[in-house]
Structure formats: structure tokens, C-alpha cells
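Trainee: Chain by chain, the residues:
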Amino acid sequence: MTGASENAVPEPGAQLPALTVPVTRTLIVAGAIASRDYQDVHHDPELARAKGSPDVFMNILTTNGLVGRYVTDHFGPAAVLRRVVIRLGVPNYPGDTMVLSGTVTEVDGETVRIGVRGENRLGTHVTGTVTLTVLAPASSSGS
Amino acid sequence: MLSEREDELGARLKEFEGRAAAVAGVGKDPVNAPMIRHWCEAMGDTNPAYTGPDAIAPPTMLQAWTMAGLSGQAGPPGGTEAFGELLALLDAAGCTSVVATDCEQEYVRPLRPGDIVTFDAVIESVSDRKTTKLGTGYFVTTRTDVRVGTELAGTHRFRILKYAPTPRMSRKGRKEGPSSHRRPRPRPVVNRDNAGFWEGVERGRLLIQRCTGCGTLRHPWLPGCNACGCLEWDTVESSGEGTVFSYVVMHHPPFPAFDPPYAVVLVELAEGVRMVSNVVGVAYDKVRIGMPVEAEFRRYGTDAGAGDESPFVLPVFRAREGS
Numbered sequence: 001m002t003g004a005s006e007n008a009v010p011e012p013g014a015q016l017p018a019l020t021v022p023v024t025r026t027l028i029v030a031g032a033i034a035s036r037d038y039q040d041v042h043h044d045p046e047l048a049r050a051k052g053s054p055d056v057f058m059n060i061l062t063t064n065g066l067v068g069r070y071v072t073d074h075f076g077p078a079a080v081l082r083r084v085v086i087r088l089g090v091p092n093y094p095g096d097t098m099v100l101s102g103t104v105t106e107v108d109g110e111t112v113r114i115g116v117r118g119e120n121r122l123g124t125h126v127t128g129t130v131t132l133t134v135l136a137p138a139s140s141s142g143s
Numbered sequence: 144m145l146s147e148r149e150d151e152l153g154a155r156l157k158e159f160e161g162r163a164a165a166v167a168g169v170g171k172d173p174v175n176a177p178m179i180r181h182w183c184e185a186m187g188d189t190n191p192a193y194t195g196p197d198a199i200a201p202p203t204m205l206q207a208w209t210m211a212g213l214s215g216q217a218g219p220p221g222g223t224e225a226f227g228e229l230l231a232l233l234d235a236a237g238c239t240s241v242v243a244t245d246c247e248q249e250y251v252r253p254l255r256p257g258d259i260v261t262f263d264a265v266i267e268s269v270s271d272r273k274t275t276k277l278g279t280g281y282f283v284t285t286r287t288d289v290r291v292g293t294e295l296a297g298t299h300r301f302r303i304l305k306y307a308p309t310p311r312m313s314r315k316g317r318k319e320g321p322s323s324h325r326r327p328r329p330r331p332v333v334n335r336d337n338a339g340f341w342e343g344v345e346r347g348r349l350l351i352q353r354c355t356g357c358g359t360l361r362h363p364w365l366p367g368c369n370a371c372g373c374l375e376w377d378t379v380e381s382s383g384e385g386t387v388f389s390y391v392v393m394h395h396p397p398f399p400a401f402d403p404p405y406a407v408v409l410v411e412l413a414e415g416v417r418m419v420s421n422v423v424g425v426a427y428d429k430v431r432i433g434m435p436v437e438a439e440f441r442r443y444g445t446d447a448g449a450g451d452e453s454p455f456v457l458p459v460f461r462a463r464e465g466s
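Those protein sequences? They're chains B and W, same order as listed.
For the first sequence, position 120 matches number 120 in my numbering, and the numbering has no gaps at all.
For the second sequence, position 26 matches number 169 in my numbering, and the numbering has no gaps at all.
Wrong hints could be hidden among the right ones.
[To be verified] Part of the chain B face toward chain W, derived, beta carbon under 8 Å: (1) 66; (2) 88; (3) 113; (4) 117.
[What the hints assert, rightly or not] Pulled from the structure, derived: some chain W residues nowhere near chain B, Cβ distances all over 10 Å: (5) 188; (6) 192; (7) 210; (8) 242; (9) 245; (10) 249; (11) 441; (12) 459.
[Stated by the list, open to error] Lysine to aspartate or glutamate pairs mimicking DMTMM-like chemistry, simulated, CA-CA at most 20 Å apart: (13) 157/W <-> 234/W; (14) 157/W <-> 228/W; (15) 276/W <-> 228/W; (16) 276/W <-> 73/B; (17) 51/B <-> 375/W; (18) 171/W <-> 267/W; (19) 429/W <-> 380/W; (20) 276/W <-> 119/B; (21) 157/W <-> 249/W.
Since the hints were made in silico from the structure, they are not lab data.
Backbone N, C-alpha and C define an ideal beta-carbon position, used for all residues, glycine too.
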């Protein structure tokens with residue numbers, strides 16, 4: 001979270017530090033339930049297998065939450081999420097590790113756009129774009 | 144499987160575009176601190192904006208407030224008959240599995256504890272029939288407008304794939320259900336132009352077409368010569384010896400009769416023509432360009448219960464000693 005308060009408006013091309021997310025069974029189930037998604041493929045391995053999946057897998061709402069968290073972790077509590085757009089690729093299965101990375105793609109005043117990508121050992125789990133508003137430092141004269 | 148043009152189901156599904164998927168849905172719980180805390184714990188989100196007296200809900204929770212939860216597996220609160228009908232049509236067509244592929248959320252106003260969420264959803268689009276590695280089906284996109292009172296709090300566009308799952312391949316050592324019996328190997332497609340080739344294969348001979356006009360050898364079999372246009376031809380029998388000219392290893396997508404990974408090779412025969420086939424006697428990951436191989440004839444369709452009317456022969460290539 002360093003830099004978020006001193007220099008709230010980043011430069012296009014700046015990289016966000018990567019976030020490594022251990023994809024535990026607990027995270028998958030806790031995320032599904034916290035998002036009120038009771039689809040059996042997100043908590044019941046037997047039923048997930050019966051549907052052709054090797055195991056339970058992370059639901060899209062959890063991925064969405066993690067992508068949002070990844071960006072706000074970096075920009076701090078004053079940053080406001082405006083838009084989160086994600087597309088899923090390969091599933092997040094228990095025992096995997098997802099590494100989230102992000103690049104500032106666009107800066108327009110206080111509006112910042114971040115390209116986000118989450119990779120696990122099967123490939124790309126998620127690609128997305130997060131748009132947020134970062135408040136310019138209060139002491140700055142603004143631009 | 145119907146072709147895209149004959150996709151009558153797709154045409155019926157398209158009629159649902161623009162119809163309501165949910166009308167005047169009401170969130171089962173008002174926005175509340177305990178659900179926010181559970182969410183933050185699950186996500187590992189320690190953002191202080193989500194705690195304390197001025198807490199807002201994490202914006203990415205938008206959809207969670209509209210979810211039916213365990214008590215509403217039949218559909219979302221406020222779900223319409225039209226949406227139920229759309230899903231039922233897909234279920235009836237064998238598209239019984241569902242996977243979410245896209246989520247686009249826009250946050251207009253933060254949600255705070257005490258806010259009562261209402262929502263309306265529309266079926267924005269239904270795709271043409273698509274075949275993915277999961278199976279064949281249709282992408283259904285809905286857009287949900289989430290409000291507090293009359294104020295728009297956010298919009299949520301959600302895309303699911305409703306699909307008929309592709310049967311999973313059996314892998315060595317993995318236990319499979321009784322329905323997973325290996326499907327029979329596809330039979331060669333024999334026509335007037337290539338019948339001579341397959342007759343040769345049945346007798347254990349690899350026949351190459353030769354133009355009687357200019358002597359050029361050709362494979363696969365064709366009615367005329369690419370070099371001189373002559374329509375007359377005879378055959379020469381290949382020695383069956385060749386080398387791997389190129390190869391690919393198939394992992395995805397799996398086909399019912401095959402057990403990936405396996406190598407598909409392009410063999411250059413000693414006579415100079417090339418032929419696509421499988422390679423035997425060597426692990427898929429040990430196949431190399433230049434590897435010497437020789438033709439071998441294998442009989443397929445003899446498995447009891449494989450459902451074939453009659454066995455048939457295919458040429459394959461065996462890696463030669465010393466390779």
C-alpha cells in the first residue's frame with residue numbers, strides 16, 4: 001500500500017505488485033457462501049465430479065471480489081471502485097495458487113484504469129479491467 | 144448435432160432477448176455489517192472503508208445482495224417465467240450444465256448497512272450455438288439494475304454458458320463411471336477417389352497414386368495430377384518406410400474415441416509423399432522430427448460392445464529400432 005497516499009495518481013504502464021492467492025478449499029467454499037452462491041460445484045466435491053469437474057472450483061463472485069480487493073489493497077481506502085469487468089478462463093481448483101498482476105492502462109484525471117490478470121498453474125483464470133477513482137492528495141493544487 | 148444454420152432451438156432462444164429476467168426483485172436481507180464482514184473475511188479484504196460507523200459494502204458484493212441463496216435454488220427472487228422458460232428450453236435440449244464466464248459491474252452509488260436493495264433484470268442476449276472445450280451450448284447475458292429506493296446503485300451484467308457437457312476422457316488409472324465406455328474409433332471415409340487406397344490398406348499394402356502422364360507420386364488420393372493435370376494414374380506400393388516430417392501432440396479438445404495426450408504425425412515416406420497418421424511404439428512426448436518409422440496395419444472395431452458393424456484396418460507407423 002506504499003505510495004497510495006503520497007502519490008495517488010499513477011502513471012500509465014505502472015505495474016501493481018503481484019498478489020499471490022493460495023486457492024484453498026476453504027477459500028473456495030467461504031467465498032461461495034459469503035457471496036450466497038450455493039451451486040454445489042463450489043462446495044461439494046462429489047457433486048462437482050458428477051457434473052464432470054475434477055473437484056470444486058471457485059465461483060465467479062469470489063474471483064470478482066479478489067480482483068476488487070487486489071486493486072483497492074494497492075490504492076488504499078480512499079480509492080473508489082467504479083467498474084469491474086472480468087472474464088474467466090481456466091478454473092481455480094483447490095491446491096492451486098493464483099497470482100494476480102495488474103498494469104495501469106489509462107489515467108484520466110482521477111480516474112484510473114487497471115488491466116488485471118490472474119494466472120494459476122492451468123493458465124489464465126481471469127482477465128479484467130478495473131476502473132477506479134483515486135482522490136488526489138488533499139494538499140495538492142490539483143490538475 | 145445440428146449445424147448452425149439448422150439451429151431451430153437457437154432461433155427460439157433469440158426470441159427471449161429483451162424480455163425481463165427478474166422484475167421488482169427484493170434482496171433477501173438489507174445491506175448489513177455481518178454479511179459484509181463474512182465477505183471480507185473470505186476475500187481477505189482488510190480495507191477499512193468496509194468497517195466502522197461509515198462503512199460501505201465492498202462494491203464487488205453487488206450481486207451477493209440479489210442472490211436467492213440456499214432457500215431459492217429455483218431461481219432468483221423476482222425471477223420471471225420467461226427466464227425460467229429459457230433455462231428450461233436449454234435443459235430440455237441437454238444443455239443442463241452452467242458456468243459463469245463474464246461479469247461486468249458498474250458502481251454508481253455505494254451501498255451502506257440498512258439499504259434495502261431492489262432489482263430488475265433483462266435478458267440482454269442469447270448467443271448462437273457455440274462449441275467450447277466444456278461442451279456445446281449458448282451464452283446467455285443478463286443485465287441487472289440494482290436500486291435503493293429509486294436511486295440506481297449499480298448495474299451488473301452477467302454471462303453464463305448453458306451447455307451440454309463433453310464426455311470426459313478416461314485416463315489411465317482413473318476410475319470412471321459405467322457410462323464412460325470408450326467410443327468406437329471413427330471409420331475412414333471411403334469415396335470413389337480414395338477407394339483404391341483403403342482397399343490396399345485392407346490387404347496390408349500402402350498404395351501411392353502415380354500419374355501416368357508425368358510420373359509424379361501423390362498422396363492423399365485425388366482424381367487428377369497437381370503437376371500436369373492428367374487424369375490417368377496407376378499405383379506403386381510403398382515400402383512403408385519413412386521419417387517423421389512433423390508432429391503435434393493433442394491434449395485438447397479431447398475426442399471421444401481417443402485418449403489424450405497422443406501424437407499425430409506427418410510421415411514422409413521413402414518414396415517422397417507425406418501421410419498423416421498415428422505413431423506407435425513410442426511415448427507421445429518422445430516423438431521427434433526425423434525419427435525413422437515404418438508402416439504397420441492395425442485392425443479396429445473388434446472390441447466387444449464397441450458398437451461397430453464390422454472391423455476395419457488403419458495404417459499406423461511404428462518407431463523403428465535405434466531411433
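Trainee: Now tell me, hint by hint, if it's right for this structure.
Mentor: Status of each hint after checking the structure:
no.	hint	result
1	66	6 Å, holds
2	88	6 Å, holds
3	113	13 Å, violated
4	117	15 Å, violated
5	188	4 Å, violated
6	192	4 Å, violated
7	210	4 Å, violated
8	242	8 Å, violated
9	245	5 Å, violated
10	249	5 Å, violated
11	441	31 Å, holds
12	459	30 Å, holds
13	157/W <-> 234/W	16 Å, holds
14	157/W <-> 228/W	13 Å, holds
15	276/W <-> 228/W	26 Å, violated
16	276/W <-> 73/B	35 Å, violated
17	51/B <-> 375/W	56 Å, violated
18	171/W <-> 267/W	24 Å, violated
19	429/W <-> 380/W	29 Å, violated
20	276/W <-> 119/B	19 Å, holds
21	157/W <-> 249/W	26 Å, violated
The structure fails hints 3, 4, 5, 6, 7, 8, 9, 10, 15, 16, 17, 18, 19, 21 (numbered hints given earlier, in ascending order).
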